[in-house]
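Counting from 1, position 15 in the sequence shown corresponds to residue 14 in numbering that gives the first Met the number 0; the numbering is continuous, with no gaps.
Check before you lean on any hint, since a few could be wrong.
Ranges of calculated distance between the beta carbons of each label pair, as one might list FRET restraints [what the hints assert, rightly or not]: (1) Tyr21 <-> Leu48: 29 to 35 Å; (2) Pro22 <-> Arg43: 27 to 33 Å; (3) Arg47 <-> Asp20: 32 to 38 Å; (4) Tyr21 <-> Arg47: 30 to 36 Å; (5) Arg34 <-> His14: 17 to 23 Å; (6) Arg39 <-> His14: 20 to 26 Å; (7) Pro22 <-> Pro45: 27 to 33 Å; (8) Pro45 <-> Thr15: 19 to 25 Å; (9) Thr15 <-> Thr51: 18 to 24 Å.
Hints were generated in silico from the structure; no laboratory data involved.
Yeah, the Cβ is synthetic: ideal placement off N, Cα and C, and Gly gets one too.
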Amino acid sequence: MPPGATGQAGTPTRHTDLLADYPRLRAYYDRALARPAWQRTLERYPERLGVTVADSR
Numbered sequence: 000m001p002p003g004a005t006g007q008a009g010t011p012t013r014h015t016d017l018l019a020d021y022p023r024l025r026a027y028y029d030r031a032l033a034r035p036a037w038q039r040t041l042e043r044y045p046e047r048l049g050v051t052v053a054d055s056r
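Let the hints inform the model, and build the full structure from the sequences given.
Here is the structure:
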């Protein structure tokens with residue numbers, strides 16, 4: 000898996016075409032981001048770090 004494909008560091012990957020040549024990896028990445036646990040993490044991240052929601056996505 001390429002660096003940044005998952006985890007918070009990988010969130011900006013959504014806004015690029017880095018995974019365009021890897022449809023199965025892109026599907027895995029999209030499923031991972033759609034998980035309820037990840038959604039909770041994204042919701043709580045700004046509060047925990049004291050940043051705005053816009054800054055965290």
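To see whether the hints hold, each was checked on the structure:
no. : hint                        : result
1   : Tyr21 <-> Leu48: 29 to 35 Å : holds, 30 Å
2   : Pro22 <-> Arg43: 27 to 33 Å : holds, 31 Å
3   : Arg47 <-> Asp20: 32 to 38 Å : holds, 34 Å
4   : Tyr21 <-> Arg47: 30 to 36 Å : holds, 31 Å
5   : Arg34 <-> His14: 17 to 23 Å : holds, 19 Å
6   : Arg39 <-> His14: 20 to 26 Å : holds, 21 Å
7   : Pro22 <-> Pro45: 27 to 33 Å : holds, 31 Å
8   : Pro45 <-> Thr15: 19 to 25 Å : holds, 22 Å
9   : Thr15 <-> Thr51: 18 to 24 Å : holds, 22 Å
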